[in-house]
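S.K.: The lines below spell out each chain.
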Amino acid sequence: MKKLSLSVIGMYLMMAHAFSQGPIVDTAGYKPRKLKLDEVNLVSSYYDQTADKSAVMGGRTDYKGNADVTDFANGIDVTLIGWDKKQRKNTLSVGLGIDYHTAASQAYVDSNGTSRNDGTRIYPTINWSRENDKKGTSFGIGAYYSAEHNFYHSLGLNASVSKKTKNNGEFSLKVLSYFDQIKMIYPTEFIPVDSIKSTSTTDSIVYITSASGTTEAVNFSNGQVVGKSQKPQIPSKSRDTYTASLSFSQVFNQRMQGSIELDMVYQSGYLGLPFHRVFYNTGKDTIENLPSNRFKLPVGFRLNYFLGDNIIIRSYYRFYADSWGLISNTFNLEVPVKITPFFSISPFYRFYIQTAARYFAPYEVHTENEQYFTSNYALAAFRSNLFGAGLRLAPPRGIFTNSLRVLEIRYGHYMQTTDLNANIISLNLVFK
Amino acid sequence: MKNHSAIKCRFAIVTVLGLVSCAHVKEYQKSRINDSEMSLSNRHVEKNELSAETYREGSSGANGGKTGGGCGCN
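Protein sequences appear in the order of chains A and B.
For the first sequence, counting from 1, position 12 maps to 12 in this note's numbering; every step adds exactly one.
For the second sequence, counting from 1, position 24 maps to 24 in this note's numbering; every step adds exactly one.
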C-alpha cells in the first residue's frame with residue numbers, strides 16, 4: 001500500500017511537472033503554443049555476432065564462410081510539441097541514426113577475401129502528427145531515408161490515422177512505402193568488364209569495377225589509373241515495399257490491456273542481393289536468384305497485465321506467413337519488477353521458430369535446373385532463443401541533473417540453431 | 001468425454017467474451033494502465049535489437065518495427 005501510494009505520488013509529480021511545461025488545454029484562458037522542445041531520446045547499442053555459413057559465400061561452413069559481425073549503432077530523436085488554435089496537439093519528431101559495422105563476410109565479395117569489411121549507415125527520419133483530444137482522432141505523416149554503406153539507398157513514406165472508441169479502445173491504420181535502390185555489386189568472379197574504349201590510336205582504356213563498388217579507368221598498355229571522372233555508373237535495381245497496418249488496442253480493466261496488429265506487406269523488384277553466392281551441387285557458383293515479388297502476412301497480439309503493485313507481465317505472440325512458404329511463430333515474455341516506484345528490473349525471454357523458404361538450400365545442394373535459389377540462412381529453417389534483462393531508472397526529479405529523466409540499459413544474448421550467436425547491449429537516455 | 005469438451009468450449013467462450021466485454025475504466029482508475037512499462041509498444045531501448053532480429057530472421061512486421069526497406073547487408 002505504501003509503495004502504491006509512493007507510485008501515485010510519483011506519477012502525480014511527473015504529471016505535475018509535465019503539465020507545468022505545457023499549456024492546460026481545457027481552460028478559458030487557453031492560448032495556442034508554438035512547437036516547443038519536449039523530449040530528446042538517445043539510443044546506443046553494441047552488437048557482436050559470431051557465425052558461419054555467410055550468405056556472401058553461399059553458406060560455406062569453413063573459414064571462408066565466416067559471418068562474424070560487430071555493429072555500433074547510435075540514434076537521436078528530438079520531439080517538439082505544440083497546440084494550435086483549435087486545441088489540437090501537434091507533434092514533430094526529427095531523428096538521425098548512424099551505425100558503424102564490421103562484417104567478416106563482406107571481405108569475401110572479392111573472392112580472395114580482400115574487400116573492405118566495414119562500413120557506415122546513416123538514416124534520418126521526420127514525423128509529424130496532429131491529435132484532436134475532443135474527437136479522439138489523430139493523423140500523421142512521416143518520411144525516412146537510409147544510405148547503407150554507399151550501395152543501398154532506401155526512401156520511406158508513411159501516413160496514419162487513429163480513432164479512439166468510447167470504451168477505452170483505439171483503432172489505427174497506417175500505410176507505409178519503401179522505395180529502395182540496390183547497386184549491383186557482384187562478387188569479383190562475376191564482375192563484367194564494361195567496355196574497352198580507345199582514347200587514341202595507341203591507348204586503350206579498361207573500366208574495372210572493384211568489389212568495393214568503385215570503378216576505375218585503367219590504361220591497358222601500362223596499367224596506370226587514368227582517372228575516375230569517366231567511370232561508368234554501376235547499375236542499380238529497385239525494390240519497393242508497400243505495407244498496410246491495422247491495429248486495435250483495448251483497455252480490459254484497471255490492470256490489463258491488449259492489442260492486435262495485422263500487417264499486409266507486398267514487396268516487388270529485386271529481392272535478393274547481388275553479392276550473395278550460391279554453390280550448385282556441381283561445385284560451380286552463381287548469384288542468388290529470388291522471385292520478384294513477395295507477400296507477407298504477420299499478425300501480432302500483445303497482452304500486458306499489472307500483477308499486484310510491483311510486477312508487470314508483458315506478453316507478445318506473432319504468427320507470420322509469406323508467399324515464399326516461410327512460416328514463423330514468435331513468443332515474447334518480459335516481466336518488469338518494480339524494486340522501487342522509479343527503478344525496475346526486467347528479465348525477458350523470446351522464442352522464435354521458422355520453416356525454410358521454398359527457395360533455400362544449403363551449400364552445394366542446389367541444382368542448376370532450379371529457377372530460384374538462395375543459400376542465405378535467414379531463409380533457412382531454424383529456432384532462436386533470446387534472453388536477458390533490462391534496468392530502468394526514472395526518478396521524477398531526474399538522474400544527476402533535472403533534465404535526464406530516464407536511463408535504461410538492456411542486455412540480450414541471442415542463439416540461433418544455425419550456429420549464430422550474438423550479444424547486444426543497449427542504452428537509452430531520455431532528456432526532457 | 002463429450003461433456004468435458006463442451007465444458008472446455010464454454011469456458012473458452014466465456015473467457016474470450018469476458019476479455020472482450022471489458023469493464024469501463026475511468027481516467028482516474030488508469031494509474032496502472034498508464035504506467036510507462038504497461039505500454040503496448042516496444043521500448044526505445046529495444047530498437048536495435050529488433051533491427052538485428054529483422055535481418056537475421058526471415059520474418060518481420062506486426063511488432064511496430066520495420067516490414068521492409070533497408071538492406072541489413074552485413
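Since the hints were derived computationally from the structure, they do not count as laboratory data.
Think of the CB as a built atom: it goes at the ideal place given N, C-alpha and C, for glycine as much as any other residue.
Mixed in with the good hints there might be a few duds.
[Stated by the list, open to error] Straight-line C-alpha distance at most 25 Å; calculated DSS-like pairs for lysine-lysine:
id: 1; chain 1: A; residue 1: K134; chain 2: A; residue 2: K164
id: 2; chain 1: B; residue 1: K30; chain 2: A; residue 2: K134
id: 3; chain 1: B; residue 1: K47; chain 2: A; residue 2: K135
id: 4; chain 1: B; residue 1: K47; chain 2: A; residue 2: K86
id: 5; chain 1: B; residue 1: K30; chain 2: A; residue 2: K164
id: 6; chain 1: A; residue 1: K135; chain 2: A; residue 2: K85
id: 7; chain 1: B; residue 1: K26; chain 2: A; residue 2: K284
id: 8; chain 1: A; residue 1: K163; chain 2: A; residue 2: K174
id: 9; chain 1: A; residue 1: K64; chain 2: A; residue 2: K284
id: 10; chain 1: A; residue 1: K174; chain 2: B; residue 2: K47
id: 11; chain 1: A; residue 1: K174; chain 2: A; residue 2: K64
id: 12; chain 1: A; residue 1: K135; chain 2: A; residue 2: K36
id: 13; chain 1: A; residue 1: K183; chain 2: A; residue 2: K31
id: 14; chain 1: A; residue 1: K85; chain 2: A; residue 2: K134
id: 15; chain 1: A; residue 1: K432; chain 2: B; residue 2: K26
id: 16; chain 1: B; residue 1: K26; chain 2: A; residue 2: K89
id: 17; chain 1: A; residue 1: K183; chain 2: A; residue 2: K85
id: 18; chain 1: A; residue 1: K174; chain 2: A; residue 2: K89
id: 19; chain 1: A; residue 1: K166; chain 2: A; residue 2: K134
id: 20; chain 1: A; residue 1: K135; chain 2: A; residue 2: K174
id: 21; chain 1: B; residue 1: K26; chain 2: A; residue 2: K163
id: 22; chain 1: A; residue 1: K86; chain 2: A; residue 2: K36
id: 23; chain 1: A; residue 1: K34; chain 2: A; residue 2: K64
id: 24; chain 1: B; residue 1: K47; chain 2: A; residue 2: K166
id: 25; chain 1: B; residue 1: K26; chain 2: A; residue 2: K164
id: 26; chain 1: B; residue 1: K47; chain 2: A; residue 2: K432
id: 27; chain 1: A; residue 1: K89; chain 2: A; residue 2: K163
id: 28; chain 1: B; residue 1: K30; chain 2: A; residue 2: K166
id: 29; chain 1: B; residue 1: K30; chain 2: A; residue 2: K89
id: 30; chain 1: A; residue 1: K183; chain 2: A; residue 2: K34
id: 31; chain 1: A; residue 1: K134; chain 2: B; residue 2: K26
[To be verified] Have a look at the derived ranges for each label pair, beta carbon to beta carbon:
id: 32; chain 1: A; residue 1: I339; chain 2: B; residue 2: Q29; range: 34 to 42 Å
id: 33; chain 1: B; residue 1: E27; chain 2: A; residue 2: N74; range: 35 to 43 Å
id: 34; chain 1: A; residue 1: Y186; chain 2: B; residue 2: K30; range: 12 to 20 Å
id: 35; chain 1: B; residue 1: Y28; chain 2: A; residue 2: T165; range: 38 to 46 Å
id: 36; chain 1: B; residue 1: S36; chain 2: A; residue 2: T114; range: 47 to 55 Å
S.K.: Please verify whether K174/A and K89/A have alpha carbons no more than 25 Å apart.
M.R.: Holds: K174/A and K89/A sit about 19 Å apart, inside 25 Å.
S.K.: Just to be careful, I want the Cα atoms of K174/A and K64/A compared with a cutoff of 25 Å; is the pair within it?
M.R.: Status violated; Cα separation ~43 Å.
S.K.: With a cut-off of 25 Å on the C-alpha distance, tell me whether K47/B and K432/A pass.
M.R.: Given pair K47/B, K432/A holds - Cα atoms ~20 Å apart, limit 25 Å.
S.K.: Between the alpha carbons of K64/A and K284/A, is the straight-line distance 25 Å or under?
M.R.: Judged against 25 Å, a Cα distance of about 16 Å means the pair holds.
S.K.: Note whether the CB distance of E27/B and N74/A lies within 35 to 43 Å or breaks it.
M.R.: holds (38 Å)
S.K.: Between Y28/B and T165/A, does the C-beta distance stay in 38 to 46 Å?
M.R.: For T165/A against Y28/B, whose Cβ atoms are near 19 Å apart, the range 38 to 46 Å is violated.
S.K.: Hint check: K47/B vs K135/A, CA-CA at most 25 Å. Holds or violated?
M.R.: violated (31 Å)
S.K.: Does the alpha-carbon distance linking K30/B and K134/A stay inside the 25 Å limit?
M.R.: holds (19 Å)
S.K.: Against the 25 Å threshold, does the CA-CA distance of K47/B and K166/A hold or violate the hint?
M.R.: It is violated: about 32 Å lies between the C-alpha atoms, which goes past 25 Å.
S.K.: Given the hint that K163/A pairs with K174/A, test it: the Cα-Cα distance must not exceed 25 Å.
M.R.: Satisfied, since the Cα-Cα distance of roughly 12 Å is no more than 25 Å.
S.K.: Just to be careful, I want the Cα atoms of K183/A and K85/A compared with a cutoff of 25 Å; is the pair within it?
M.R.: Violated, because 48 Å separates the two Cα atoms, which is more than 25 Å.
S.K.: Tell me if the straight-line CA distance from K134/A to K26/B falls inside 25 Å.
M.R.: It holds: about 16 Å lies between the C-alpha atoms, which stays within 25 Å.
Of the numbered hints listed earlier, those contradicted by the structure are 3, 4, 7, 11, 13, 15, 17, 23, 24, 30, 32, 34, 35.
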